[in-house]
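**Student:** Residue numbers (my numbering), protein chains in the order written: chain A, -12 to 215; chain B, -12 to 215; chain C, -12 to 215; chain D, -12 to 215; chain E, -12 to 215; chain F, -12 to 215; chain G, -12 to 215; chain H, -12 to 215.
Worth flagging that the hints you see were computed from the coordinates, not collected in a lab. Mixed in with the good hints, there may be bad ones.
Facing chain H, from chain F, some residues (calculated, C-beta under 10 Å) [claimed, not checked]: (1) L151; (2) V156; (3) V188; (4) E207; (5) I208.
The beta-carbon is built from N, C-alpha and C at its ideal position, and this holds for glycine as well.
There are 8 protein chains.
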Amino acid sequence: MPGFLELGFAKVDVGRLERRGFPEVALGEGKSPDDLAQILKALVEKNGVALATRAGSHHFDKVTEVLPDARFELAARCIVIERKPLPRLAGKVAVVSAGTTDWPVVEEVRVTLELFGNSVDIIQDVGVAGIERTLAARDRIESCSVAIVVAGMDGALPSVIAGLVSTPVIAVPTSVGYGASFGGIAALLSMLNSCASGVTVVNIDNGFGAAYAASLINREIAVSTPSP
Amino acid sequence: MPGFLELGFAKVDVGRLERRGFPEVALGEGKSPDDLAQILKALVEKNGVALATRAGSHHFDKVTEVLPDARFELAARCIVIERKPLPRLAGKVAVVSAGTTDWPVVEEVRVTLELFGNSVDIIQDVGVAGIERTLAARDRIESCSVAIVVAGMDGALPSVIAGLVSTPVIAVPTSVGYGASFGGIAALLSMLNSCASGVTVVNIDNGFGAAYAASLINREIAVSTPSP
Amino acid sequence: MPGFLELGFAKVDVGRLERRGFPEVALGEGKSPDDLAQILKALVEKNGVALATRAGSHHFDKVTEVLPDARFELAARCIVIERKPLPRLAGKVAVVSAGTTDWPVVEEVRVTLELFGNSVDIIQDVGVAGIERTLAARDRIESCSVAIVVAGMDGALPSVIAGLVSTPVIAVPTSVGYGASFGGIAALLSMLNSCASGVTVVNIDNGFGAAYAASLINREIAVSTPSP
Amino acid sequence: MPGFLELGFAKVDVGRLERRGFPEVALGEGKSPDDLAQILKALVEKNGVALATRAGSHHFDKVTEVLPDARFELAARCIVIERKPLPRLAGKVAVVSAGTTDWPVVEEVRVTLELFGNSVDIIQDVGVAGIERTLAARDRIESCSVAIVVAGMDGALPSVIAGLVSTPVIAVPTSVGYGASFGGIAALLSMLNSCASGVTVVNIDNGFGAAYAASLINREIAVSTPSP
Amino acid sequence: MPGFLELGFAKVDVGRLERRGFPEVALGEGKSPDDLAQILKALVEKNGVALATRAGSHHFDKVTEVLPDARFELAARCIVIERKPLPRLAGKVAVVSAGTTDWPVVEEVRVTLELFGNSVDIIQDVGVAGIERTLAARDRIESCSVAIVVAGMDGALPSVIAGLVSTPVIAVPTSVGYGASFGGIAALLSMLNSCASGVTVVNIDNGFGAAYAASLINREIAVSTPSP
Amino acid sequence: MPGFLELGFAKVDVGRLERRGFPEVALGEGKSPDDLAQILKALVEKNGVALATRAGSHHFDKVTEVLPDARFELAARCIVIERKPLPRLAGKVAVVSAGTTDWPVVEEVRVTLELFGNSVDIIQDVGVAGIERTLAARDRIESCSVAIVVAGMDGALPSVIAGLVSTPVIAVPTSVGYGASFGGIAALLSMLNSCASGVTVVNIDNGFGAAYAASLINREIAVSTPSP
Amino acid sequence: MPGFLELGFAKVDVGRLERRGFPEVALGEGKSPDDLAQILKALVEKNGVALATRAGSHHFDKVTEVLPDARFELAARCIVIERKPLPRLAGKVAVVSAGTTDWPVVEEVRVTLELFGNSVDIIQDVGVAGIERTLAARDRIESCSVAIVVAGMDGALPSVIAGLVSTPVIAVPTSVGYGASFGGIAALLSMLNSCASGVTVVNIDNGFGAAYAASLINREIAVSTPSP
Amino acid sequence: MPGFLELGFAKVDVGRLERRGFPEVALGEGKSPDDLAQILKALVEKNGVALATRAGSHHFDKVTEVLPDARFELAARCIVIERKPLPRLAGKVAVVSAGTTDWPVVEEVRVTLELFGNSVDIIQDVGVAGIERTLAARDRIESCSVAIVVAGMDGALPSVIAGLVSTPVIAVPTSVGYGASFGGIAALLSMLNSCASGVTVVNIDNGFGAAYAASLINREIAVSTPSP
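Produce the entire structure from the sequences given, and follow the hints as far as they go.
**Tutor:** Written out as structure tokens, the structure reads:
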């Protein structure tokens, strides 16, 4: 038995849940609604859950014909089907944003984390221009097993937060900004050069990727913790 | 009591070990040997260990005058003083490289990981142009709690490895290559756009940063695991 | 007799089929429908076939008035007229894609290859995040005389495939991706820096160019092979 | 009478002190020692003071032949001649750095500020990875009339400081860092996109330019303040 | 009492007016109209004034429901509410533009400056291709306490103006231009490399930021000037 | 008497015709139709002719109300008013394009050249992929006093042409192309690095600028040539 | 039996000759002389031949101790050991350069091609600024089965040559040039955007890669050609 | 008889003087001294003059063995042999620089212009930060038939000069500057986007290219001017 399902136009990686602990997820953008629906159908039948990111309403209209129990998370641009929830994980993941405009990326993070069995603590709009807001978030972040920090413009927030806590920090640059923010490049470079050691970074606006990485870490902790 | 030690030309962050679980580390490059020696002295007196990265022999000559127990890790370009070792961590960290030329970065990763109490499993030269080498490394990586994957040129290795295992993968692009590798940009971009979900990335040649992040994750697991 | 046909606004290179073995092809984008129709008319009358790439329906509406036997390959964005097919070539060309979203580029490759007399074997969605899919494609690729490998995002697929086979590999980066993929630059750089020796590369999304190069190679083989 | 002095190979802008309130300053880099010496001689004879930035010891050796009262500020790479000091200004300028490695730029700032009549308060190594250091500097900065904030790597410091004080902040990105810091571009972009309103920015490593701008502002205040 | 107001989706920095002398301002772009209205309401209730930049008519329609005294500055893309004007400042700010096409940025500068209590002198279209226009503006600029110079394309204007006057110059690159102006990068780089010492620069099209910085400087002068 | 006309929102450089030999020309893009109309009116009243480049039909609709004798050159995107033609120049200018898609830029060149009194010889679609077309154009180009060579994609045409003739060559890169043409950057760089000595270059798609430069050269020749 | 040989610091891909038709080749740059010598020894013992590219004399001094029959190709920077020559291939490969300065890259191409069993025809200095030189090379190129075209600066040569012949063209951009050639980027982009269809491209200065690709193609032809 | 001379390693374009009016010139950089000497010998024997740019003393030492009448222009980095001077041209060329540091480029311009028969008027250090210097140069520039304007940093000088005169202006960006000047990119972009119409641009530091273009223009004028 091969580790993938042949659909002709696609080869669905149905072995991924077993190999990696979390299932394959479909990128909606650039796929035809028909193709996306077929792929999600194959995934949910194999894994009990399915997720499409960067999906539009034209995708959802077709998916819902084939999978009536799909739901559309509008702000997150995600289509979710959850028939047999994935195992709940012990640790909590903090999701911290620098500004209200980063909200769609925060939503993509939240939807992915929740589908993957994580508890989530969302702390929004704690940008360093009003540093009291940042400092006030410290204890909530410290109590989590991973923190995802979302910021555009100068991308300075992860440097400050990572300096405050012992929690591993995954930074997500966003395309929020204009001019010399270059669609998120300024934030991305700032994060890659963080003066606070140990910050790791994902692609611009890639809330999903950060959530996937956080889930891998969170699950690793769960796996290591013997149930009493 | 302030969380830092005032040296005039520097403010040593002696509170970092307590806040973050691992101590401040000094970047040698660009510092005068005298300044570096004073900073390392302050750090080792407070923390029991001290580390300088990107250090040269001109740095080491001066440091060893002040701290005779310092040792120079030549390939890693690190100065290490270890008087009171940091606590040993339970999990193991895999360090995987794409080619033999990535070796100096691998060394910086190893020195940092070991000083920070991690067990390390080094697997070198498993580039995807001879994919059997990559596949043969799978089980060793899967048995670790974190994997650091080091690659220059096309930066393709993290994508393949992350697709094979449930271990969180931290990718380190290196400046190995020429022409349109642009000093590691090609590898960096490739890793940020990995088709394997959940890869996180650090700065080009930043072996230290990857090791710091892996240590944070590994310690999180240790912290979560009740000792019997 | 000059090697080109003067249309005033254009000089059609009607000598190209003789010089290069394959005819001039028109880029639709940026041409007025009228001009494109006139150019295709000149080409088909001289060569028996004609092809426009990156064409829209506004182009096709006008072309079909002048050349009623034109057909529109929608996904490939190509207009094709084939009155006197070009000679069939002996070798087969593999067309391999990393993901379903690369499909429009795959289509441009296919349409061009078929018009130019090649047999084509299309193998879609074999991205390296599920490496079993990639490995399973090996024998089909090895049996072809050239392989065109199409990938966006991290552009890692050509490195893995070129390491597996003795077939010459032409890599096509696509603009699939977002953020730091920079419209295909990440994939392009990855391919130019492939750790697998001998990969050659064409412009982002340039399926046509890859197919033209593959046809030149395939024809070279055909020319060298004495018919029994 | 023209506003400049014709030296043949140069036209010294001796009218600048009158027009702008501060004299022309020579960039040493790229000038021959002979030319630099002649230019400085013309400037000091007209203005009573002269300054060359980015100068080397080969410059100083020649300058000191012509102007024996010249002094070489090694760390700042500046040659200074001060026969008739410029008027002292009332306000104080804060010079704040993120790390010890930014020291040469801080020195160029200090030398320029002092020559131009400013009082200077230097606060070094207050990077945001140990935020207590940054917060502890607040009152000293607030008491100054302008603040120059010098930082490399992620360039995050100006965002935090500008959020804390009512003092105008001029940010100087430095080339401190490696890999994706791209010789200071990461810090520059971060500063241009500061989430704290009103940060203005100068060129990478341009300590002199920041000091010139700060002097213009400080003098504007002095000019506006009636002496009792 | 915390320095910020918790709205759940946002943490309004109501302490900023006290800390920095000028209130927090909301970036409209990327915010939902509802969120923007709530934020402006909180700001005006605390500070007596409120400003949103980069706002659209969809924002204004909602804001005006909640805050009927809001006004929309169309060209500046600003929403302004001014119930209790901020203190008038003594100094005047010159706003100088290189061409008529820079007008929207000039407007954003003007609206911000006036709300923040500055007197404003606007001098438009004095680009250096007709240098007489530039020279004619000299005296008006010299009489101001700060000058904001707005230019796209070659960004040459700040270099010429800063060479003429003793007024501090803040340069605003605009995205006016095409081709190799790269959306304002050419002007930005030109300004960062100004041959006239002491020019400071803000982000491309960031009229608001320049006005905020100018206000900080202008207020510093006012603060330093004892009222008779 | 000043050399410019004050319109409040603009300062029209009515002295330019006298200073430079050719009048000021207005850039339509980014100007309001009203402003453009006023500027053109001022220019035509002073100079007898007026030109706006990069203009749209919304501009023309307004301009034609104020200046009924204006004409719209659609492909060139130019508005032209010509009441008192400028003096005819003796020399001829060759305008050579690499492909039919470069046509709009060629049109902008032609309209400007003709308004400025030049004779024009247009030679289209002589791209080097069919080198016979290029070689066939040699004599016509050689007989002109200046050549403007317009090309996108690889920008190779100016190198070949400049190698063939003694005519000065001004190269205009166009944004024709896709992917790694980066909106004309590939062609621009190619032209700046031309292996044929003496090629000069203007901005991407800047047909107007090339025509202005060619007119200056052509007029220089005319001026030097004594009429019999 | 695995397809690779474990050396600890390296995993030599000794199965590559069988899989790909040509052996693994070592990149000298960045490897220690000891490591390189061990790797070459393993390769020559397995394959009968071995090649290191981008090697220096410090490499060769060590290699020759271990492998006394090694030879150093100075201009090509290659170390070659050839005990049991690879099979001779039927087709010939043309190597064409734009200028004499491209010579080191031409040498790397030649050394690789000859070791891999190809006949080689080298045609140097046929840059398009003297197009007669280019045209004169046509017949020699047409008679080869593949052409490698090497050019720096404007990278225009492959476009002209590919337009002249039916031979597949592999373009090698070189770092020859200065200023806006950006170390070969101008030539690389020009080649990726070639107006002549079917040009494929390798990395800047990657003569080896082009030769490897050409060998794969040439061998494909040989394989397809029945020996009489 | 072919238009080039075959040297084996080079094909000297001895027909260029006849085709273009000025001879082929050799780029020294990257050529071996032997090769350069052979090429210069061939050129001087054919043309009576020869020029190598970007040459070093190692080149000159070898050239002078073969051609004892060669002279080395050190600052310009040029080797010149002038046995039979080229015809003197009627017009004069102005060479204008923004700062003393641009001097080596000015020298390359001067050496080329003089060898090619032009009269030269050099006006140095007229940067716009002291605009009186620029304005004072106007009449000298206006009296020339072409102006070459050399500037680094902000590259603003050509915009001001081109606005003042009717002389055609060729702009040469130099690599003078640091940080965000990016080796001359800032100046290059500024010049390409000049607000003064009709400025044409050559590669960074390409004094030779500007001089070649100016000579073509100057000769065009001479050719058109009947001698009395």
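**Student:** Tell me, in ascending order, the numbers of any earlier hints that this structure violates.
**Tutor:** No numbers; nothing is violated.
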